[in-house]
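K.L.:
Turn these sequences into a full structure, and let the hints steer you where they fit.
Which chain is which? The protein sequence lines are A, B, C and D, in order.
Number 359 in the working numbering belongs to position 359 of the first sequence; there are no gaps in the numbering.
Number 312 in the working numbering belongs to position 312 of the second sequence; there are no gaps in the numbering.
Number 129 in the working numbering belongs to position 129 of the third sequence; there are no gaps in the numbering.
Number 169 in the working numbering belongs to position 169 of the fourth sequence; there are no gaps in the numbering.
One should not assume that every hint holds.
[Claimed, not checked] The calculated lysine to aspartate or glutamate pairs, modelled on EDC-like cross-linking and capped at a C-alpha distance of 20 Å, are:
id : chain 1 : residue 1 : chain 2 : residue 2
1  : B       : 173       : B       : 274
2  : B       : 173       : B       : 291
3  : C       : 173       : B       : 116
4  : A       : 173       : A       : 272
5  : B       : 173       : C       : 116
6  : A       : 173       : A       : 274
7  : B       : 173       : B       : 275
8  : A       : 173       : D       : 274
9  : C       : 173       : C       : 274
10 : C       : 173       : C       : 83
11 : D       : 173       : D       : 272
12 : C       : 173       : C       : 272
13 : C       : 173       : C       : 291
14 : D       : 173       : D       : 291
15 : A       : 173       : A       : 275
16 : D       : 173       : D       : 275
17 : A       : 173       : D       : 83
18 : B       : 173       : C       : 83
19 : C       : 173       : B       : 83
20 : A       : 173       : A       : 83
21 : B       : 173       : B       : 272
22 : D       : 173       : A       : 116
23 : D       : 173       : A       : 83
24 : D       : 173       : D       : 274
Just so you know, the hints here were simulated from the structure itself, not pulled from any lab data.
Keep in mind it's a predicted model, so treat the numbers as computed, not measured.
What follows is each chain in one-letter form.
There are 4 protein chains.
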Amino acid sequence: MDMVVTRDRRGRTDRPALGASLLERYHSVRSASLQVASPLSAEDQCVQSMPEASPTKWHLAHTTWFFEALVLQPQMAGYRCFDARYSHLFNSYYEALGPRHARALRGLLTRPAQHEVLSYRRYVDDAVEALIRSGAADARVEALVELGLNHEQQHQELMLTDIKHAFYLNPLKPAYRPGGACGIDQPAPMRWTAHEGGIREIGHDGESFSFDNERPRHRVLLPPFQLASRAVTCGEYLEFMHDGGYRRPELWLSDGWAAVQSEGWLAPLYWEADDDGLRSVFTLQGLRPLDPAEPVCHLSFYEACAYASWAHARLPTEFEWETAAAAWLPPVEGPVWQWTRSSYDPYPGFQPSSGPIGEYNGKFMVGQLVLRGGSWATPPGHARITYRNFFAPGARWQFSGLRLARDV
Amino acid sequence: MDMVVTRDRRGRTDRPALGASLLERYHSVRSASLQVASPLSAEDQCVQSMPEASPTKWHLAHTTWFFEALVLQPQMAGYRCFDARYSHLFNSYYEALGPRHARALRGLLTRPAQHEVLSYRRYVDDAVEALIRSGAADARVEALVELGLNHEQQHQELMLTDIKHAFYLNPLKPAYRPGGACGIDQPAPMRWTAHEGGIREIGHDGESFSFDNERPRHRVLLPPFQLASRAVTCGEYLEFMHDGGYRRPELWLSDGWAAVQSEGWLAPLYWEADDDGLRSVFTLQGLRPLDPAEPVCHLSFYEACAYASWAHARLPTEFEWETAAAAWLPPVEGPVWQWTRSSYDPYPGFQPSSGPIGEYNGKFMVGQLVLRGGSWATPPGHARITYRNFFAPGARWQFSGLRLARDV
Amino acid sequence: MDMVVTRDRRGRTDRPALGASLLERYHSVRSASLQVASPLSAEDQCVQSMPEASPTKWHLAHTTWFFEALVLQPQMAGYRCFDARYSHLFNSYYEALGPRHARALRGLLTRPAQHEVLSYRRYVDDAVEALIRSGAADARVEALVELGLNHEQQHQELMLTDIKHAFYLNPLKPAYRPGGACGIDQPAPMRWTAHEGGIREIGHDGESFSFDNERPRHRVLLPPFQLASRAVTCGEYLEFMHDGGYRRPELWLSDGWAAVQSEGWLAPLYWEADDDGLRSVFTLQGLRPLDPAEPVCHLSFYEACAYASWAHARLPTEFEWETAAAAWLPPVEGPVWQWTRSSYDPYPGFQPSSGPIGEYNGKFMVGQLVLRGGSWATPPGHARITYRNFFAPGARWQFSGLRLARDV
Amino acid sequence: MDMVVTRDRRGRTDRPALGASLLERYHSVRSASLQVASPLSAEDQCVQSMPEASPTKWHLAHTTWFFEALVLQPQMAGYRCFDARYSHLFNSYYEALGPRHARALRGLLTRPAQHEVLSYRRYVDDAVEALIRSGAADARVEALVELGLNHEQQHQELMLTDIKHAFYLNPLKPAYRPGGACGIDQPAPMRWTAHEGGIREIGHDGESFSFDNERPRHRVLLPPFQLASRAVTCGEYLEFMHDGGYRRPELWLSDGWAAVQSEGWLAPLYWEADDDGLRSVFTLQGLRPLDPAEPVCHLSFYEACAYASWAHARLPTEFEWETAAAAWLPPVEGPVWQWTRSSYDPYPGFQPSSGPIGEYNGKFMVGQLVLRGGSWATPPGHARITYRNFFAPGARWQFSGLRLARDV
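P.N.:
Laid out in structure tokens, this is it:
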């Protein structure tokens, strides 16, 4: 794992457990983004290593633009934009909010400078805080601020996945943050836990925050199944590799096997083979010896499926996962996101939110797979057992692993 | 539509309704392939217009190789291959059966000549018929022959979709077969039929033939829904176009909108705008005036979704579709395949067939969407209400349209 | 070499040595094209293996269109086109003559059928012959017919290079024409012939036919140089390979080394290494053992330069080549075209021909290198010592080899 | 033009006109690079806008590595590298000096930080200066230092062309340096100057510095020609545009016309059309109104040729240019580089320098065209009348324009 976070949370769906007001929460989440960026130089914050990744600075500005475009401009009388040109630069994919700088060219934005983006953040923070303090923020505005904070938390994790990718492509293999050994001695033994199936409730309900893609709560009929008690470890994954996992097409989905060939995959992303045959892994603390006890991470969906096939098991559906999680809170938030065998399809009765935020989730509901759980990099309190993360099946730069399931 | 086929079948799952023996059925299906190829010259049969399409001659040889590799070689003592090199040329994607000629280069196979492929067909037909007549064919062999015949029927439809695509790219716009007007005067009025939902059985069961992806039969819990009484027509689709359908990103999935931009889509595939503003459509009978009464065809999943969104409706899930079809036989086999809102995922408890034929379906279960029904080009008796066709969401060269659904 | 042609010609610039009339010459050249196509089936004649190559049928039609568009339409009163749509299909690159079917899609033209193209040829032949016989053809028309015949001869060679490439990509490795061994026992010993340099006349002059790129004849100042007495052989090239030729960047131009890496070049095009280490070479007679005595062929300019560098020599400039050739006729027409170290630039005072035929040569004068000589596949009488062939530096599917030069 | 530089130099080939010692010259040239970088932030210095361009920081480090790898390591006893990993990062293309970081990924090098690169420069400067001061530097070392300084001057110009390209792609269109109007009121009238041709000496000779590609000095035979008295202006180029220059294929080389189509060229690089039809041009001072009196700049070779064709003229050969320049010093160093009609081929008798610096020029002698003169951004004293700059014919981001020539 990239970082060891001590945490005793339980992934509860009721977020502000400490009774924090929205203002405190706003301050806390916004500060956390700066904290994530703090080990990085202005140069580091400007780099984009591939079209799917974004510069740190862009993340910092985009999450700020989100509040400006979706809260301040529509809801705060007399608000003046910090810079009218920023909407073009920092709109990610909201067609309803106008044209955008090309995604693949975000790394060219040496201007605005990093310090200007920090000024932008302060300017918008002042305005949002003033809006909240003014008492003019009704429930709808509060919901938008809450959405903005959850959005920002998603980007906090992306800042880490994206800078990790950029640093990995630098031959100097810089460390994001110095750090020591991982500290996991022995993985817990893996056990199968049985679930009887039947009609289950899936998805989020009630007043507390969720994304629209977790709704509506609805009933599904599950067959009996078994779920592993923990994620697959690097040591287990090494057995798959030593057994020819990357050379045996019969274990792979067709698109997965094509990716193995065209991309030359021989191991998870960030694994390196030393001359003496030992393996090391690139982490946010730099290159480290591979620890077989750690959960395997940076797998594509294809690799997760091939491993499961090799292990005479399968991936769980997202419904199985959620059903199990409702019983056992532990899987939420870490240590790695878990690929499921569920395509990212809309729930029955799904309606995107109205207005521009309707583009947040719904328009991506094709060609992606659902991941459940959370990673060590997911901000505490962000995920839920109903939380649906999603990526394309070939994506490997997220903190993505797997947990096995099987039929009874 | 490309062709008007008079047919009064009802899509029953029990195939050999006329009591045809396997031998008669073998002869009948194999002859039908030659019938499909018969209007085409040797040159026509050799061309490949894109990597996803194959030459007619290749289809004729590949379906023959399927019997040779999966029936004759493993099951018929003393069988000698027609030409040992053909396995390399005509294996489509069976990793277990050795390396293959690259898919995108099938159009380079001017040799073997078309007449040699016909000799290959006769040689294999003689052997398969001898095997069946010998009485040495047990139930497993019969099942493989039946699979081979269903496989061949799938390629009969592909021969038509593929040559249509190749002819369309020829500036001479040749006709596959001469033909007259379409003959549909007025579409039936569209009605919504309500379904109460509940626990339903989905998938194929019993002794009669099905593909492995239709199994196992299992129960799903459906919400109440409504399904349209017929497919969307060209006239209805024109309204969507006239209302800016291809210019309004809010109607589209993100990947769909990207395809509209990058591919320059302005209409379904094969539609052309004349100088005087009238529209014509390329068919297997050549260019014809667009008939608003016909079902709209050659849509991608993206376009089908965008249309449904514009119509304040949605696509049905494959489970809704199958549930409705079990009540109303009409939708099976035509006139157009219908995109569903279901990703092509495995059914609970799905197990691919053992041996090489396990590669037939299971390894494609990611990144594709399910189509249900059948088209005018689907061979009579081939489809079933449990039949799962599947293509990538951007595919437009199949006979693919849509039927609307909505929540209650 | 692909074929052994017995020939005692000397590459004279005065073409109709036998006193042949234009009519006889027209008939003879046009027939020769059909002769080249005669071993090929209709399927073979339709295939296109890469954008740079064209189908045989397309060559047959394009050379016919050339007479129709440049001779008959402008010069023959009352001429009616065979099919008005053919100009779109068979115009190669003449912007002045209207839009064209995309070059890379020529292989999709299964229609017109091969027999229709033969009818087109007969129709145009009848008209051209009638025009010549009518006496209405003045010197300008005769010059255009002569250009058309030289153009057709160029395509006769291209028909062979293009079908060879297509057959090579067919795993069956078909032979264009059966044939036996090559029959060269021992290459002549290689000698250096010295030339004193000085002011020399370069380029074509006078009344006999030449392409515009060979004109005007002009004077150049040459340093003294030496030229090899024959082309480099396969045996010599094998020494380069055995000495690490394809692994030593210091021997290569930068673009050449990049091509070695990206294309995976390990040997000339069409060379294959058998399991037992012996080498064979694909020819128009199929796969044959490599003959070390043959001139090496199917080299790119990059490979020719790298070989020369390894041999402590260089390629001749086209001016050196022509100067030497004016003394020694042997190098003209075979056995292989010889890359020179001259970029294909215009001669001083160059003027493209007026009208559409001005596009024949001039617009390609950038990014290409000059080859001199001719190959066994060049029609007898076609080449001259002033003849400038040209291809991009990475092209390998032509019959291209090299002859060494060096400074004194 | 991007910048107005007052200068009265005459492009003499004897560089150190002021009697500057090598040490002074070293200091002066190295300082000038920092001067070029000084308006740029660390973020700006890290960005790479396309594979052909490099980050400022990379230029600063690469030019330093050049001294380290080619002077200090081979020539200075006991020299220890600043960082052994830098050779991998900052070697541009010297195969003899080991493997290299991929060119297209130079923009990912956020580390080493800009301040570390400055430390690297100081470290190497101290060592080079110590080496020179020590008296241990013989003529060969001095020649290598001189080469390194000329190399650094080339990169000073590239730093400007590269950052201009990156800033142009930033929607904020930042200015490298504030600045006012251009200040050219009226272009001088254009006159043709006649040259009688004959045998002329071309190339560099003698002791003073030149690149190896300028040697050996040799004789060429030139026909009579005329050369324009100045470069083509923006106003003249606008006439070409207004006369359909970018829509008339007959004016273009074939590859040029293909580039016009595929790249959508409508004007020189950096020209923009305002809504009111006025034109502005992006410069290092930001967007400015187009000045018709300025020399046209940022043309590809293709555009230069098309313009010349439209003007019933042609580009000069590099030999014509040099012959004229030997008479008239003005064309050297500015205001824009001038495309010639000469491919970048080796001079007769050309020998690359021995050792790694043999890769400096020779291996690029294919596929490029020669530019002569110099631009306002060429460091004073850097260019010569024998100087051969070269770029691919489609390159537009250099300060490249044209001067017309014509036959007599």
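K.L.:
Broken hints, numbered, in rising order?
P.N.:
Checked against the structure, the hints that fail are numbers 8, 10 and 20, while the rest are satisfied.
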